[in-house]
Amino acid sequence: MTTTTTRTGLDLTDVTLTFGDGDTQVTALDHVDLTVTPGEIVAVVGPSGAGKSSLLAVTGGLTRPTSGSVVVGGTDLTALSGAALARFRRENLGFVFQSGNLVPALTAIDQLRLVEKITGRRAATPPEQLLAAVGMAEHADRRPGRLSGGERQRVGIARALVASPSVLLVDEPTAALDRRRSHEIVELLARQTHEFAVATVMVTHDHDVLEHCDRVLEMVDGRLSAV
Amino acid sequence: MFLALRELTFARTRFGLMGAVVALIAVLMVLLSGLSSGLVVDGVSGLLRSPLHAVAFEDGTKTDSAFTRSVVTSDQRDAWAARDDVAAAELLGTAIVNARSSDGTPVDLTLFGIEPGGFVEPAVGEGRAAADEGEVVLSVSARDEGVGLGDVLTIDRVGTELEVVGFTTDQRTFGHVDIGFLPLRTWQEVHSATPPGQTAPPEAYDTASVVALRGVDGAVPDLAAGDAVAGTDARTLTEAFGSSPGYTAEITTMQLIQGFLYAISALVVGAFFTLWTVQRTRELAVMRAIGASTRFLLVDGLAQAAILLVVSVGLGLGVGLGLGSLLVGTGMPFELEAAPVATGAALLLGLGLAGAAVATARIARVDPVTALGENR
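Going down the list, the sequences are from chains X and U.
Residue numbers 1 to 227, in the numbering used here, belong to the letters of the first sequence in order.
Residue numbers 1001 to 1376, in the numbering used here, belong to the letters of the second sequence in order.
Here chain U stands alone, though its shape is the one from the complex (with noise of 0.2 Å):
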């Protein structure tokens, strides 16, 4: 660490350059990280905070959009509903539709028709849960776009009115449109598209479009066993995320940024040092002359790799954070999660290291015969 910190300081422009472009680098990580989680919560929320183990669609539904074009009967749901390894098991209907409030503002739903009381239905935070038929919950997110208690909306084209009754505690969002729950009687009449008033075809009364499920004890119960008797294609919370619009596309473009992002810190840490490394080796070669063993000189040069890049990774983290926190709760789907912003600073922190290591390992090459002769 003698010679390290002393290098630190005398190539201060240097290092501080490179400094400055890890720092820069974790910012982005931080912030495309924030946008990652943002989208995530902005993109199936809805199903990641309810208490689902997995979803069991229509047998041969596309993973694309299956929660939409998917539709099951109570038949199934009951088949589901008897086997050992599920605690619950309930009907839940997914549509997106376009509604209006009444002073004729445009509002996007994605309307999650429930059983009242049952596990899928949410916390509500202000106002009540939906009970009666009309009635509507909707996510705590579209209060900032202007919807109050007790408005009312109405379906376009169907012309169903739904009364705002409460608002859930956080937010619950499904394809970045906020959701609306409602008793799955009224969800069952907007869905067959039944005029207010009117009664739907009896076999409407019986579908959905798919099965939320519960495990015993929170374990997954056995999906291909319970295909099997109710003619469904289950699959884990997890998995069903793939079904919801646009999430894979979002979700790999993000992962694909990111992952990128990971490879060039590595290679542009591993650059410096390389370069760094080829410009003391006249240095080098006297220190190994005099007598400097190989790992006095690696680990001088790792230490001083390790110092740029914590506190380069440090800084960068903190303006991340100062910055992504004045994202937080405006327009864009932005979350700061702990785990993902400490995975990526561990991934940025590892990858530099490893980068430099690769650089610094010239340093075990260097021959201190090069030490005497001229001085090039």
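So here's chain X without its partners, still in its complex pose (with noise of 0.2 Å):
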């Protein structure tokens, strides 16, 4: 490799998100600080409506933040508009679903060359190989419909991984899946984080995966804390 990106990992500062005004007014995130480095795996849990969504909407450039900054790799996202908005989610961020939110027509490996359409390049790990490092390659040529909710989850994160992103946003990945899966799909999202220096945040309802991430952050009432 003679070139290599320079991974600054991510860096939220001062955020805040409100919905509505007056009495109606809403505070999503309320004066969020959040720092992931590359290769680094941070957990947020808590309950429902605390605010994780939001967080992750603002971190992935999905909405726009009231007041605060979010930089990836040196880019403060919230300076970003339109279609340069959605050109960087495409080079810099990657995006884990619920269930894997694959699209229902594609093979295994069509749902990584569907990212290298978008993207408009090569994945600079091929797809294939992707694949076989979620152990999912035999499995390259079924739809959606023909895996079970572990190996879809599994599909989504190599797919997140084609166009390399600086930083990893993980929404729920074991929601639909039983405990073993769980633990599989959290520790395979860690190897991977470690393995391609992403920074990755993970929100999630499940106390059990916790054990595989780096560091666990609480979001209680829009605020993030350690735990």
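There's no promise every hint is true.
[What the hints assert, rightly or not] Cβ pair distances, simulated, as ranges:
1. X:66 x U:1343: 28 to 34 Å
2. U:1328 x X:142: 49 to 55 Å
3. U:1294 x X:128: 27 to 33 Å
4. U:1017 x X:142: 43 to 49 Å
5. X:120 x U:1016: 30 to 36 Å
6. X:142 x U:1016: 45 to 51 Å
Read the hints as simulated data drawn from the structure, not as lab findings.
Bear in mind that the values here come from a model prediction, so they are computed numbers and not experimental data.
We put the CB at the ideal spot given by N, CA and C, even for glycine.
Once you've looked at the hints, go ahead and assemble the two chains, each given alone in its own frame, into the complex.
Next comes the structure, spelled out in structure tokens:
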């Protein structure tokens, strides 16, 4: 490798997100600060409605915060708009959704190739190799309908790594899985985080799987604190 | 196209059903187009296939059925012929009559009384032109009804006998009735109900139904100026079609049906792609979250619609033309013409794509945030 991307991880500084105004104002994120370094996996736990999804939406550039800055790899997302933001997402961010959220029409390998089409460039690690890394090489030609929940989630993780993101955002990856599979998936996430030096934020309800994470934070009423 | 093609195979039942509907609409379009062209040929091929540019009617005749009601004189013909922008002006007599062949079979005829050797005279494919009184050249389509060369047709009531001396090369009908081209003088005697062997009153030999006009170098003459001099009511050939029996009603009906067909096809395609897009909202949100541009998703969606439409309209055209070719030459008024079929296919494609575009535009409004949270 002659070129290496400088990975600087993720920096949220004093991020606040409010909806509505006056008496009906809801504060989803309340002066949140969060730093995740490359190769670190941080779990965020907390009750429903505490603002965990808002944290992912703001960090992923899907929702603009009311105030504060979101810096990924040296770029402040809050300064980007529209098409530039979409471009930034496809080049720097990886998403893992609940139950994989795969495209029903595509086989496992095509889920990864679709990302190559979207980004317009080849994956640094070939899709076949990424699938093998998550243990899905044998099911490369299966569509989501013929994969189990855990298998779908593995493909989802591989898909998130296609664009070699510097930040990986993971939304309740074990929501639809049994205990054994939950452990496997989070272990896999932690392993990939370390191997690809990604800064990973995982939002979860599942206290069982926290042992695999480097750090655990709790979110209550929009405030983030160490457990 | 990456996603478009894979979705087409993945959801092949849904796309197959939709494609079948579009293909059936295309079949219907071909058949209606053929019927439409057939009705035009059946209705006015006698005029359409004559080298006419305009027709001068008696001033004040109603548009409907003007051909059989109008009466013009040779003076009016002469007034038209004297004009600089008129290459030729001829008297043309039109009348719809019932006749019987020698074995008593009834034959419906439109009699076109023409000046022998004039420009209205049709090309004769079999036999010879009608030169003398009492001779008639029939549309080739009359042969299918059992009339042959040398047969003698007797016109009901008047009793005039017409000997069939020839058939035209192509179909010449007027108001769905075969045309018999006969010398103007014979037409004038039939029209004035002169019994065979007698002479009509002198003024009868001076009149016909309309003046057929040919402009110089294929241009339509100045009709208003000619009318002012000749005291007639001239219309271009296409306008004159409206004066042939039933023509306007038939064509308007066909156009109405075809118009509805195009509207239905655009709406059906639009509705299908609306449902399809709504069904895909979740995965569209996921792709947007991953960073897919609106352009990427729109191009993919439209390509999918285009592939579906091209394939199904193509299939429908094939089946329609196949079925249609079986109908050509039967008793049904049916003609396959390239231009109207091509226009119809282009309209189906264009309107279908427009319907799909309106539906696919929803893609731009999918919020990527909805990719987060619970699966619905």
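So, going through the hints one by one against the coordinates:
1. X:66 x U:1343: 28 to 34 Å: 57 Å, violated
2. U:1328 x X:142: 49 to 55 Å: At roughly 52 Å between Cβ atoms, residue 142 of chain X and residue 1328 of chain U fall inside 49 to 55 Å, so the hint holds.
3. U:1294 x X:128: 27 to 33 Å: 30 Å, holds
4. U:1017 x X:142: 43 to 49 Å: The hint (43 to 49 Å, Cβ to Cβ) is violated, given that residue 1017 of chain U and residue 142 of chain X are roughly 26 Å apart.
5. X:120 x U:1016: 30 to 36 Å: The hint (30 to 36 Å, Cβ to Cβ) holds, given that residue 120 of chain X and residue 1016 of chain U are roughly 32 Å apart.
6. X:142 x U:1016: 45 to 51 Å: Once the Cβ atoms are compared, 23 Å apart, the range 45 to 51 Å for residue 1016 of chain U and residue 142 of chain X is violated.
Checked against the numbered hints listed earlier, the structure breaks hints 1, 4, 6; every other hint is satisfied.
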